[in-house]
Amino acid sequence: EAGVAQSPRYKIIEKRQSVAFWCNPISGHATLYWYQQILGQGPKLLIQFQNNGVVDDSQLPKDRFSAERLKGVDSTLKIQPAKLEDSAVYLCASSFIGGNEKLFFGSGTQLSVL
Amino acid sequence: AQKVTQAQTEISVVEKEDVTLDCVYETRDTTYYLFWYKQPPSGELVFLIRRNSFDEQNEISGRYSWNFQKSTSSFNFTITASQVVDSAVYFCALIPLNNAGNMLTFGGGTRLMVKP
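Sequence lines, in order, name chains A and B.
In this text, residue positions in the first sequence follow the numbering used here: the first is 14, and each later residue adds one.
In this text, residue positions in the second sequence follow the numbering used here: the first is 42, and each later residue adds one.
Read the hints as simulated data drawn from the structure, not as lab findings.
Wrong hints could be hidden among the right ones.
[Said to hold, decoys possible] Straight-line distance between alpha carbons at most 30 Å, and here's what the computed DSBU-like set of lysine-lysine pairs gives:
1) A/Lys75 <-> A/Lys24
2) B/Lys57 <-> A/Lys57
3) B/Lys111 <-> A/Lys91
4) B/Lys156 <-> B/Lys57
5) B/Lys111 <-> A/Lys24
6) A/Lys115 <-> A/Lys24
7) B/Lys44 <-> A/Lys75
8) A/Lys115 <-> B/Lys111
9) A/Lys96 <-> A/Lys28
10) A/Lys28 <-> A/Lys75
11) A/Lys96 <-> B/Lys44
12) A/Lys115 <-> A/Lys91
13) B/Lys79 <-> A/Lys115
14) A/Lys57 <-> A/Lys96
15) A/Lys115 <-> A/Lys84
16) B/Lys44 <-> A/Lys57
17) A/Lys24 <-> B/Lys57
18) A/Lys91 <-> A/Lys75
19) B/Lys44 <-> B/Lys111
20) B/Lys44 <-> A/Lys115
21) A/Lys91 <-> B/Lys156
22) A/Lys115 <-> A/Lys75
So here's chain A without its partners, still in its complex pose:
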């Protein structure tokens, strides 16, 4: 079974530039999550989708971050414009239904903002 796919693996940009990350969850998984993991910290939820609807985006900095999951399958997370403090690993995860289920994670995109 294919796991959660993410691309790119690494991205280096300058501050004020834009960047987008892509995620393809495990086939059949209705719930998709984007997490931000700053170096030395645990992952922090940015946004959770159930199919193509947003369940929770309370911790998403909406002035610069946006995410979509138009067809309820793959998803894109965008940052525009990027700030230095956005340097982190962006992890995508999926689960069959959501709630208290275990999550399956991708390998993440490591973003460096210079």
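Chain A is already provided as a structure; the job is to place chain B on it using the hints.
Just chain B now, kept in the frame of chain A:
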């Protein structure tokens, strides 16, 4: 709001030693789930265990064991006879089930280094 604390930021042991990773949590909810995930150098978090708040039985899986004590709000993880492949960052996490806006909250992680 819930909180998960992993006081040990880094632990270093020699292969074959036993090691315990501590996890203390705070939540006002009576129903919740606790998790442990492993993050190897490759980056993806790997699920290890899930435990609900009504099940305080300890669990053993091979060299791994977990001790859940509701009285002290702790969910500690022990690796017996550690191996170099156990080197990773380990995260404890909690999700409450009573609130509409529940989300999985992770601790800060414990980096375990197992030396040969």
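To see whether the hints hold, each was checked on the structure:
1. As the CA atoms of lysine 75 of chain A and lysine 24 of chain A are separated by approximately 21 Å, the hinted pair is consistent with the 30 Å bound.
2. In summary, the hint linking lysine 57 of chain B to lysine 57 of chain A is not supported, as the alpha carbons are separated by about 33 Å, beyond the 30 Å threshold.
3. Between the alpha carbons of lysine 111 of chain B and lysine 91 of chain A the distance comes to roughly 40 Å, so the proposed pair goes past 30 Å and is violated.
4. The suggested pairing of lysine 156 of chain B with lysine 57 of chain B holds, with an alpha-carbon distance near 9 Å, which does not exceed 30 Å.
5. At most 30 Å may separate the alpha-carbon atoms for a hinted pair to count; lysine 111 of chain B and lysine 24 of chain A exceed this at roughly 43 Å.
6. Restraint check for lysine 115 of chain A and lysine 24 of chain A: the C-alpha separation of about 28 Å stays at or below 30 Å, so the hint holds.
7. Taking the CA atoms of lysine 44 of chain B and lysine 75 of chain A, the gap is about 24 Å. The hint holds against a cut of 30 Å.
8. The suggested pairing of lysine 115 of chain A with lysine 111 of chain B holds, with an alpha-carbon distance near 21 Å, which does not exceed 30 Å.
9. Between the alpha carbons of lysine 96 of chain A and lysine 28 of chain A the distance comes to roughly 5 Å, so the proposed pair stays at or under 30 Å and holds.
10. For a cut-off of 30 Å, the pair hint linking lysine 28 of chain A to lysine 75 of chain A stands: about 17 Å separates their Cα positions.
11. Under the criterion of a C-alpha separation no larger than 30 Å, the hint pairing lysine 96 of chain A with lysine 44 of chain B is consistent with the structure, at around 27 Å.
12. Between lysine 115 of chain A and lysine 91 of chain A, the direct Cα distance comes to roughly 26 Å. Compliance with the 30 Å bound is thereby established for this hinted pair.
13. For the hint pairing lysine 79 of chain B with lysine 115 of chain A, the CA-to-CA distance comes to about 13 Å; that is within 30 Å, so the pair holds.
14. Of the pairs offered as hints, the one joining lysine 57 of chain A and lysine 96 of chain A holds, with about 17 Å between alpha carbons and a cut-off of 30 Å not exceeded.
15. The suggested pairing of lysine 115 of chain A with lysine 84 of chain A holds, with an alpha-carbon distance near 23 Å, which does not exceed 30 Å.
16. Under the criterion of a C-alpha separation no larger than 30 Å, the hint pairing lysine 44 of chain B with lysine 57 of chain A is consistent with the structure, at around 12 Å.
17. This hinted pair does not check out: lysine 24 of chain A and lysine 57 of chain B have alpha carbons roughly 39 Å apart, beyond 30 Å.
18. Pair hint lysine 91 of chain A plus lysine 75 of chain A holds up; C-alpha atoms about 10 Å apart against a cutoff of 30 Å.
19. Between the alpha carbons of lysine 44 of chain B and lysine 111 of chain B the distance comes to roughly 15 Å, so the proposed pair stays at or under 30 Å and holds.
20. With a C-alpha separation of about 19 Å, the suggested pair lysine 44 of chain B and lysine 115 of chain A falls inside the 30 Å cut-off, and the hint holds.
21. Taking the CA atoms of lysine 91 of chain A and lysine 156 of chain B, the gap is about 40 Å. The hint is violated against a cut of 30 Å.
22. Distance check on the hinted pair: lysine 115 of chain A and lysine 75 of chain A sit about 27 Å apart at the alpha-carbon level, within 30 Å; holds.
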